[in-house]
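Chemist: One letter stands for each residue in the lines below.
Protein chains: 2
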Amino acid sequence: MNNFTFCNPTRLIFGKGTIARLADEIPADARIMMTYGGGSIRRNGVYDQVMAALRGRSVVEFGGIEPNPEYATLVRAIELARVEGVDFLLAVGGGSVIDGTKFIATGLKYEGDPWDFLVDPSRAVDAVPLATVLTLPATGSEMNNGAVVSRRERNEKLAFHNPKGYPVFSVLDPEVCYSLPGRQVVNGIVDSFAHTLEQYLTFDSQSMVMDRWAEGLLQTLVELGPKLVERHDRYDEVANFMLTATMALNGFIAMGVPQDWATHMIGHELTALHGLDHGVTLAIVYPGMMRVMRAEKFDKLVQYAERVWGATGTPEQKAEAAVAKTEEFFRGLGVKTRLSEHGIGEETIDFIVDRFRQRGWALGERRLVTPERVAEILRDRL
Amino acid sequence: MNNFTFCNPTRLIFGKGTIARLADEIPADARIMMTYGGGSIRRNGVYDQVMAALRGRSVVEFGGIEPNPEYATLVRAIELARVEGVDFLLAVGGGSVIDGTKFIATGLKYEGDPWDFLVDPSRAVDAVPLATVLTLPATGSEMNNGAVVSRRERNEKLAFHNPKGYPVFSVLDPEVCYSLPGRQVVNGIVDSFAHTLEQYLTFDSQSMVMDRWAEGLLQTLVELGPKLVERHDRYDEVANFMLTATMALNGFIAMGVPQDWATHMIGHELTALHGLDHGVTLAIVYPGMMRVMRAEKFDKLVQYAERVWGATGTPEQKAEAAVAKTEEFFRGLGVKTRLSEHGIGEETIDFIVDRFRQRGWALGERRLVTPERVAEILRDRL
Chain P
1 MNNFTFCNPT
11 RLIFGKGTIA
21 RLADEIPADA
31 RIMMTYGGGS
41 IRRNGVYDQV
51 MAALRGRSVV
61 EFGGIEPNPE
71 YATLVRAIEL
81 ARVEGVDFLL
91 AVGGGSVIDG
101 TKFIATGLKY
111 EGDPWDFLVD
121 PSRAVDAVPL
131 ATVLTLPATG
141 SEMNNGAVVS
151 RRERNEKLAF
161 HNPKGYPVFS
171 VLDPEVCYSL
181 PGRQVVNGIV
191 DSFAHTLEQY
201 LTFDSQSMVM
211 DRWAEGLLQT
221 LVELGPKLVE
231 RHDRYDEVAN
241 FMLTATMALN
251 GFIAMGVPQD
261 WATHMIGHEL
271 TALHGLDHGV
281 TLAIVYPGMM
291 RVMRAEKFDK
301 LVQYAERVWG
311 ATGTPEQKAE
321 AAVAKTEEFF
331 RGLGVKTRLS
341 EHGIGEETID
351 FIVDRFRQRG
361 WALGERRLVT
371 PERVAEILRD
381 RL
Chain C
1 MNNFTFCNPT
11 RLIFGKGTIA
21 RLADEIPADA
31 RIMMTYGGGS
41 IRRNGVYDQV
51 MAALRGRSVV
61 EFGGIEPNPE
71 YATLVRAIEL
81 ARVEGVDFLL
91 AVGGGSVIDG
101 TKFIATGLKY
111 EGDPWDFLVD
121 PSRAVDAVPL
131 ATVLTLPATG
141 SEMNNGAVVS
151 RRERNEKLAF
161 HNPKGYPVFS
171 VLDPEVCYSL
181 PGRQVVNGIV
191 DSFAHTLEQY
201 LTFDSQSMVM
211 DRWAEGLLQT
221 LVELGPKLVE
231 RHDRYDEVAN
241 FMLTATMALN
251 GFIAMGVPQD
261 WATHMIGHEL
271 TALHGLDHGV
281 TLAIVYPGMM
291 RVMRAEKFDK
301 LVQYAERVWG
311 ATGTPEQKAE
321 AAVAKTEEFF
331 RGLGVKTRLS
341 EHGIGEETID
351 FIVDRFRQRG
361 WALGERRLVT
371 PERVAEILRD
381 RL
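Chains P and C supply the protein sequences, listed in that same order.
According to this note's numbering, the first sequence is numbered sequentially starting from 1.
According to this note's numbering, the second sequence is numbered sequentially starting from 1.
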């Protein structure tokens, strides 16, 4: 096991009717900016619940944060927050709204052009306190300190972490998920599954507990996925999904283990270039990653096949089953897992590989995913 | 799933050579009291490592905290800390030293007789900051806010929680465990196993993730137990054990699920009356708890038998296997799981049952473990 430091200070407030507890959790004299997305919270009642909970408090609203939150939008939010003297941010939404709000929180404490800390994340060191009301289980952003921001004019999508960027608290009421579009639920399942794989499917790392916990999340998603595709208004199923998505990326399964994240880095390019949903990009790339990096990840692929999919046979057969079962799982959720199904061809592959070459990127837990392997992975997915 | 609030602020610093980082973690101007037990840390080098890390800092020592920390000893520590103007506590030891130090930390912020907050734990609301260097994986006290204190003159052993009682940080260097007596390692395995069961073996609670995570800890202990009995100086095995013991009682597997703890409450009496090691009492009581509460815990016993022990057959056979395998596991570690093997008979059972009657206790996740069932459980263990 590798040495590690773990600390996650976020207070998780989970269950039915918990939005009503918001006011107790935010300092009484806070000047709050409530951030949200395209307005679905106005249709599904969450906006009203939040406003009812914050009655009598000082609140500025900032709506319109996009899926894959846009740099220009967030810079406007920072300007508004400065003018309004905001000292507490409340993100009401999914991963995009929360990620965007982390960028705003960091920007408010940053002197200079906020683009700096996307290019050099070591500059993100302070933040205005933020909290969240989660409406879409997927990214884990409600209980971690990372964020991803896009800048469309440059076709870029970049990630940063801020040690002070953990939400002070996050309110997770599973009932708010009942009104989600099915496509977002599916994206959330794929995203949580991929987050877990990124921290698990590396090499034999001697962390027995983390392996078991990651497998537990994967097994839960395998079991829940088809049920949630059918319907997502049964409390216990949605609650288990919501908890799984949070636990998949809050550091709990990352203690002392190597991490991969190459699939995410490749997926981000597909989103930046073609606007594909983040979850869809992961479902496309992961089977290719498993096939091309099969030798390097062999022992873990076999373990994954055995424990998550109950695979039998030779180790070779199990490793093959790992790839096949993963793609079947994604397709069973209705996700198109081939680039060609999205009208994407060779020219995109060439573009991404060139960009990675220019950046000098070698990805993955052992930096073995070179631009050449990225090309192999994406060609496997045509 | 039940509604819940989760927050664990303890910073976990895990791995080889981590004791050297102590000085960076404690405020430079702190007046530190370093607490420890019977002096084993002087023999195994931990004392020297801690003192080297704290060179030039202001440190008062308080040694001699007993296994099952004694009220009178801890009251003396509170008096000394007051005289010395201590404002930071560093517990160097196992669960007893850490629990005792939580009592000292709470007592230093409490006006009046500290016995009050053992009798009425709702009075424990503040604490001097404390941190730990763990030397014995077992109780999880290094990452939770609970403590158990004994008062031998009254044959009592009582627990309390303090919302401010989480260690600020805990340093876990698996190498410090190499010199532990085998008996303490075995007690730690049993203790961690029982902690997990207390949060898992209740009734079908619809928390798929928590079930998987608890099973993951149990599976890890089942796999590691016999290896650790053989030797406990192989880094990865000891590191996995150390991490498991912490994760077994830091709230991570408790989200949204009911909890039992009847076995612990009965076990505490056996320690208070006969001085048995805490782990041994749990190994004695748990098989009886499973057998007597079989109907109430039936579905979970079956699931436990299937997933942790790979049991097959009818549900009845699986439930029976759950009990048998658990006792076999404890006995395989060399623990005597029968009261008679410890020279304990009917009169102790009568005494405990009477005491529970006087206290009006009905224990367990549904308060169904009445004094009458306690009698049944203990008679099963003669």
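Rather than coming from a laboratory, the hints here were simulated on the basis of the structure.
Fair warning: there could be bad hints in the mix.
In this list, chains with the same sequence are indistinguishable; a pair is considered to hold if it fits within one copy or across any two.
[Unchecked claim] Listed next, the in silico SDA-like pairs over lysine to any residue satisfying Cα-Cα at most 20 angstroms (straight line):
{"id": "1", "residue 1": "K109", "residue 2": "C7"}
{"id": "2", "residue 1": "K109", "residue 2": "K164"}
{"id": "3", "residue 1": "K16", "residue 2": "N3"}
{"id": "4", "residue 1": "K16", "residue 2": "N2"}
{"id": "5", "residue 1": "K16", "residue 2": "G343"}
{"id": "6", "residue 1": "K336", "residue 2": "P27"}
{"id": "7", "residue 1": "K109", "residue 2": "E306"}
{"id": "8", "residue 1": "K227", "residue 2": "Q206"}
{"id": "9", "residue 1": "K164", "residue 2": "P9"}
{"id": "10", "residue 1": "K227", "residue 2": "G56"}
{"id": "11", "residue 1": "K16", "residue 2": "F6"}
{"id": "12", "residue 1": "K16", "residue 2": "P258"}
{"id": "13", "residue 1": "K164", "residue 2": "N8"}
Chemist: Would you pick out the hints that fail for this structure and give their numbers low to high?
Modeler: Numbers 1, 5, 6, 7 and 10 - these are the hints that the structure violates, sorted from lowest upward.
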